[in-house]
Amino acid sequence: MNALPGGVVASGAAGGLLLLLLLLGIRQGNGSGGFDSQVNLPPTGTIGELGPCPSDFVSKIFSESDLTFVSSTGSSELERLLLRERKQVALAWVSQTSAFLSLVIREHVASARSSQNLRITTEVRIVARYGQLMLICGLLSVVIRIAGPFWVRGLALYAQRLCQRTVQVALLLEPKAASGTHIV
Amino acid sequence: MLSQFLWWTSIGMEVLLFGRGIASGLSRRFPVFYGYLFFVLAQEVLRFLSFPNKVVYGYVYWSTEFLAVAIGCGVVLEIYRNALASFPGSARMARVVLTGVFLLAVLKGMVSAAGNPEWWLKANTLEIEEAIRTVQAIGILALTAVFLFYAIPFGANLRGLLIGYGFFVSARVISLMFVAPAGQGFWFYAYSASYPLVLALWIICLWSPSEVPDHGGTDLRLENDYQRIATATLRRLEHARRYLTKVTQP
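Protein sequence lines, in the order shown, are assigned to chains A and B.
Mapping to numbering that gives the first Met the number 0: the first sequence position 24 is 23, numbers consecutive.
Mapping to numbering that gives the first Met the number 0: the second sequence position 115 is 114, numbers consecutive.
Treat the hints with care, as some may be off.
Not the full set, but computed from the structure, chain B residues with beta-carbon under 8 Å of chain A [stated by the list, open to error]:
hint	residue
1	R28
2	A41
3	I139
4	I162
5	T232
6	L243
Distance condition first, Cα-Cα at most 25 Å in a straight line; then the derived SDA-like pairs of lysine to any residue [as the list claims (entries may be wrong)]:
hint	chain 1	residue 1	chain 2	residue 2
7	B	K53	B	V39
8	A	K59	A	R144
9	B	K107	A	L17
10	B	K107	A	G15
11	A	K59	B	K107
If you want the footprint, here are the derived chain A segments under chain B, 3+ residues with CB under 8 Å [stated by the list, open to error]:
hint	segment
12	6 to 13
13	140 to 147
Source of the hints: derived by calculation from the structure; they are not laboratory data.
Every residue gets a Cβ at the ideal spot worked out from N, C-alpha and C, and that includes glycine.
The shape of chain B in the complex, shown without the other chains:
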């Protein structure tokens, strides 16, 4: 009963969010996100229709689940593109960090496969999704760290989108690790209730287009003089280090 309520509530909120996105024009600013939302709505209809046949439902569930993960990666790239459009330096750093995360994940997968060649054959769909979602969570984590370090200003729309999607991915990773796939205990409902919470956050933050914060433009004096800035920063840090060590000098 409760799971039915959560399911129908989620569908209602998704329809509202999607409709509002079309009406406010935000679907043009975040086409991948609204495409993802449309896909989630379509997958729910498909799952509902295939539910009476357990075999068909299983195929539909897992194929749409993995497609959703793939489109979700597109949402992360859309957040990256929107947030760092005006910050080429930070965008470069984010690209390097994300490439590093991806290469590390591939390397880890190869090492695991070499150590246990039968894992790919024996692993069930839940284990594969857990592995992919973990890489996705690490990617969002790295991207958020870059945003925080470079103090990237966000509008309410993009901030809500990132926080909501990051929360959703974290909840999914935690549920795949700790929530039993069968049975409907407390944690099952806790995870199920987290999705409407994410949708509520998205509805609030994406209700109307927010102003994109003005970052004051690029200082032409500094734009193409990174090396000078970096040298000055290193010199100031070195000065601070000498200042700090002064206390320990006899």
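Pulled out of the complex, with its shape left as it was, chain A reads as follows:
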């Protein structure tokens, strides 16, 4: 144990424990840790049923078509207004999505904690998926705040183009490599 550099594990454990205990005190103090918090949960459903934003509109939030149209008018004030409004809508959408994810998990743990036949591997999968999605929401939120909603799609398109190009290059190289193997 002593071989650890600077007692990183010990200080991490002590600090982490203090933090979690503080969180436990706050949550239980607010009464949000109890089962009562489940009473107001909506019935099991999908995000489309719960959210006020229809899924068809979601892609519009990040679409550049409106920005292109506004830019063509030449009004910089209108463009600034659109950017500000669209950023707020995008952030509201991300926040709504992460709230939905939290609801899903709260509903799940309310049932799973009393279950006699809980499976650890399934629980780990659920926690990992939840963590991954919350991380995506967090990243989206940061990107939207820093660069705006239109940049999100631009970045995705760039990544997709890059990926396609890589596949094309790989496909181009594959026959040569294969024929090279035959020659050898």
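Please build the complex by placing chain B on the supplied structure of chain A, with the hints as guidance.
What follows is chain B alone, placed relative to chain A:
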């Protein structure tokens, strides 16, 4: 002078807490915790009596210190048993997590011993206690994480017990790492003062028996259908993932 004051204050608070536990009947609900408290009181008397003889005091101090660590592990198990009695699913998860922590600690100890076989011979009592207390802190950390994730409802008694004991263990780990064993500087007094704070929290939270929150009973429809619940959750998360990725689709 200050350390004497803190010591006598702590003893007074321990007596009050113990007496109150007997009177309120909480000692029957948390027998290990009150047993631990009784042991701490007894060890203080023993240490006080052996104090004039430095050699005897050293033996008494370290043997009672390690016994206290062992009984402290029992307190953690008592918290686990009380908190998760009505939640078999979470109890199962906590068992797996705690076993994992214990196995990791054993594995780490074995690897360290293999890398430095003389550590066990050279390590002093402080280093050994630091290692054990760190494992204890990680165990409580993992248990608290399970409580938080599964939103386990606590009564004021159990919440105070867990927060107090967790704070005490954290303070001990930090003091073993950063506070010099000899000398009485600021940090020595800061650590010494943390124990009466923990006792004050316990006195407040364990003054009278609190109601154990009703978790609404187990929904019979869901009780033995974990796989269905888990599948539904995974499906909903998958739906959310598709919904999220929609924004990046051309």
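Hints and how they fare:
| no. | hint | verdict |
| --- | --- | --- |
| 1 | R28 | violated, 18 Å |
| 2 | A41 | violated, 27 Å |
| 3 | I139 | holds, 6 Å |
| 4 | I162 | holds, 5 Å |
| 5 | T232 | holds, 4 Å |
| 6 | L243 | holds, 6 Å |
| 7 | K53/B to V39/B | holds, 20 Å |
| 8 | K59/A to R144/A | holds, 18 Å |
| 9 | K107/B to L17/A | holds, 23 Å |
| 10 | K107/B to G15/A | holds, 20 Å |
| 11 | K59/A to K107/B | violated, 53 Å |
| 12 | 6 to 13 | holds (count 6) |
| 13 | 140 to 147 | violated (count 0) |
Against the hints set out earlier in the document, violations occur for numbers 1, 2, 11, 13.
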